[in-house]
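Protein chains: 2
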Amino acid sequence: MATTTQSVAEVCAAAKLASRLLATLDTQAKNAALAAIADALEARTGEILEANLLDLEAGRESDLGDALLDRLALDERRIAAMAAGVRQIAALPDPVGEVIEGFRRPNGLEIRKVLVPLGVIAVVYEARPNVTIDAAALCLKSGNAVVLRGSSSAANSNELLGRIAAEHAPAGAISVLQGAGREVLTELVTQTANVDLVIPRGGEGLKAALMEHATVPVIYAASGNCHVYVDSSADLEMASEIAYNAKVQRPGVCNAAETLLVHRDVAAAFLPRIASELQAAGVELRGDDLACQLVPGMAPASAADWDTEYLSLTLAVGVVGSLEEAIAHVQAHGTGHSEAIVTRERDAARRFQREVDAACVYVNASTRFTDGGEFGMGAEIGNSTQKLHARGPIGLRELCAFKYLIEGDGQVRS
Amino acid sequence: MATTTQSVAEVCAAAKLASRLLATLDTQAKNAALAAIADALEARTGEILEANLLDLEAGRESDLGDALLDRLALDERRIAAMAAGVRQIAALPDPVGEVIEGFRRPNGLEIRKVLVPLGVIAVVYEARPNVTIDAAALCLKSGNAVVLRGSSSAANSNELLGRIAAEHAPAGAISVLQGAGREVLTELVTQTANVDLVIPRGGEGLKAALMEHATVPVIYAASGNCHVYVDSSADLEMASEIAYNAKVQRPGVCNAAETLLVHRDVAAAFLPRIASELQAAGVELRGDDLACQLVPGMAPASAADWDTEYLSLTLAVGVVGSLEEAIAHVQAHGTGHSEAIVTRERDAARRFQREVDAACVYVNASTRFTDGGEFGMGAEIGNSTQKLHARGPIGLRELCAFKYLIEGDGQVRS
Chain A
229 MATTTQSVAE
239 VCAAAKLASR
249 LLATLDTQAK
259 NAALAAIADA
269 LEARTGEILE
279 ANLLDLEAGR
289 ESDLGDALLD
299 RLALDERRIA
309 AMAAGVRQIA
319 ALPDPVGEVI
329 EGFRRPNGLE
339 IRKVLVPLGV
349 IAVVYEARPN
359 VTIDAAALCL
369 KSGNAVVLRG
379 SSSAANSNEL
389 LGRIAAEHAP
399 AGAISVLQGA
409 GREVLTELVT
419 QTANVDLVIP
429 RGGEGLKAAL
439 MEHATVPVIY
449 AASGNCHVYV
459 DSSADLEMAS
469 EIAYNAKVQR
479 PGVCNAAETL
489 LVHRDVAAAF
499 LPRIASELQA
509 AGVELRGDDL
519 ACQLVPGMAP
529 ASAADWDTEY
539 LSLTLAVGVV
549 GSLEEAIAHV
559 QAHGTGHSEA
569 IVTRERDAAR
579 RFQREVDAAC
589 VYVNASTRFT
599 DGGEFGMGAE
609 IGNSTQKLHA
619 RGPIGLRELC
629 AFKYLIEGDG
639 QVRS
Chain B
229 MATTTQSVAE
239 VCAAAKLASR
249 LLATLDTQAK
259 NAALAAIADA
269 LEARTGEILE
279 ANLLDLEAGR
289 ESDLGDALLD
299 RLALDERRIA
309 AMAAGVRQIA
319 ALPDPVGEVI
329 EGFRRPNGLE
339 IRKVLVPLGV
349 IAVVYEARPN
359 VTIDAAALCL
369 KSGNAVVLRG
379 SSSAANSNEL
389 LGRIAAEHAP
399 AGAISVLQGA
409 GREVLTELVT
419 QTANVDLVIP
429 RGGEGLKAAL
439 MEHATVPVIY
449 AASGNCHVYV
459 DSSADLEMAS
469 EIAYNAKVQR
479 PGVCNAAETL
489 LVHRDVAAAF
499 LPRIASELQA
509 AGVELRGDDL
519 ACQLVPGMAP
529 ASAADWDTEY
539 LSLTLAVGVV
549 GSLEEAIAHV
559 QAHGTGHSEA
569 IVTRERDAAR
579 RFQREVDAAC
589 VYVNASTRFT
599 DGGEFGMGAE
609 IGNSTQKLHA
619 RGPIGLRELC
629 AFKYLIEGDG
639 QVRS
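Note that the protein sequences, when read in sequence, are chains A and B.
Add 228 to a position in the first sequence, counting from 1, and you land on the number used in the working numbering.
Add 228 to a position in the second sequence, counting from 1, and you land on the number used in the working numbering.
Isolated chain A, as found in the complex (with noise of 0.2 Å):
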């Protein structure tokens, strides 16, 4: 467990040697101490809510504002669905170990390609204590010791919470670092020696200061600006649903959709009713010039729009030629993570789903399902929109690297 009196370069030290242990810790001492944090947090849940207090009293005092403040509170329903949250990840099955390739050379070498932890994670994060939780619980399931760095604002919280589960967790493999400013963030991302990942939970700023400083490998879990393109061939009775859905059902997360193409031939039998279903349940359309003209009173949609992640029950919409015109604007304004399309053709479905460039691409399906727990890897820990190593969902085999194991009968090269 972190205190103040380590530095970070002694914390991520420790970290190292625990995910040593950590990485032959069987699947039933895991899931114990997974269980004693899920049993600790519930027993201690008066402790939690109390420091938890303090950190909601320096934000009023601080004129934190009420969003922040809401996603900072804890309150009993929130450390149960916490501990519920562990057990789940206690439930999942353990990745370290699984065989993901296996076969037998001409010379007789068996090789088998084998899952194993990554070794040390640092988790940057802001707001919501219960990350805290959830990274430490995914962290140690996949074998992973690792390193918390939270926003000050939730510095008792994380503090305490950080302190609990790594009472039940091998000394060194979870710690809370604790201190103000980006000196420690920046000493953290720098770690190469004993730090094998850094994964960011944050808003652009936070993205651009690893990006300038991150020597140790950063896997970016972005928000998305995700489309839904309604092709000249949907049934537009699925594709009403798909786009509403897509909107409506929890606009503030990151792959709900943020613009609504459609094809022109489909546009004035589709638009309208898509809208005012649309505004019946709140959301503020903005639309390009011919859907302007099908939709009265809809707003005009400035350059900027195709460009926002909105998060908010705000929609652009535009008309588009063709399929082409479609995949270009995707191209063109989406961030890789979750696209669409509803379209009948064979073709078309095909076409989109291979030009897209994106972590997850649709065919007739909301793109609310790229979710770790919606793809069937349980939870997550983020979800990266960059190519490397883990592309959407980061469930726990994300968590993990391969090693190549050989096992010969004494062969040499020749």
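None of these hints come from the bench; they were simulated from the model.
A pair counts as met if it fits within one copy or between any two copies, since identical chains are not told apart.
Each computed DSSO-like pair below joins lysine-lysine, with the alpha-carbon atoms no more than 30 Å apart:
| hint | residue 1 | residue 2 |
| --- | --- | --- |
| 1 | K341 | K435 |
| 2 | K244 | K435 |
| 3 | K244 | K341 |
Note that the coordinates shown come from a computational prediction; the quantities given were computed from them, not determined experimentally.
Since the structure of chain A is provided, determine the placement of chain B on it from the hints.
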């Protein structure tokens, strides 16, 4: 094809555009381009030798040194070998489109995880001009655009080789950056909008420069400080063959052994015998106290020897008291490349494979097998000692990312 009139940013933007087309090219088209490149290399041998002569003359004038001049020099045989290498890459299976996982969710969504090209790969390398062609061919086959940045000492050779390759590939697919100085490198490795991955092939200076400047993800293809550990239960005849092979067969490569560790119980029986075999092959041995006692005349190892990748006919020799001590030595001094144990005991083999943190962990086989060809992957662009994305040989499949293709019948999330 790059010309000196294009800026680094323009070259990378053109590569990104080309990568869209490359991602959709079918295997036949890519193989036809590779065949044309191989033919052109042979047909234009005279022209290539002329360009190479310019580099060799400049190298001699600037006192480049015999070893580097030899690496730089091309002849008809080396050019024919390059062409043969390109034809071998054409003959390999196309990784693009390979379904690496596929499943149906309870709600009927069908999800496939499919290999796709990474996009634009920057390869930064030193000396040998054949890397220009190897890298271009591997990237083309895997559907990636490539931006090449060789050393200034091979500028004329690389420029012509890159131009020949580019003439038979889609516009922008293969580019060679010209212009000396670290500015070009720094600009290249910060093109986050258009470059998806940097692969360096070079020494520690290049690695340090990239660590400092790169914002694009980098796969470090480092050399290796590899160990052979002879356990107390080892078949000493087998151990002798493996140790000899790992050191002597090709000492200048990254998967050659640099340290031999021997269990105390078999040191007296094993060390004098392997020492005389190795010394007969011209190997200089540097031992710890116990090793020196057992092999009269062996030079004592300094602390630095345990961390030195000799890449030559020198071998450090240590005697350890236990399997645990051997593993601890490997963990402290290894670079995560290739490590071998020779043992008859199942538990020792399993424990060594589980606890040693390296890309390739061998039981009863030479470390020299860590190689794309030996693993059945065909050609390789390097060997990764880092853990993210690719670990071990980097072949065609490691030059790919994946995406999820999801097919539905109107599914929405509730």
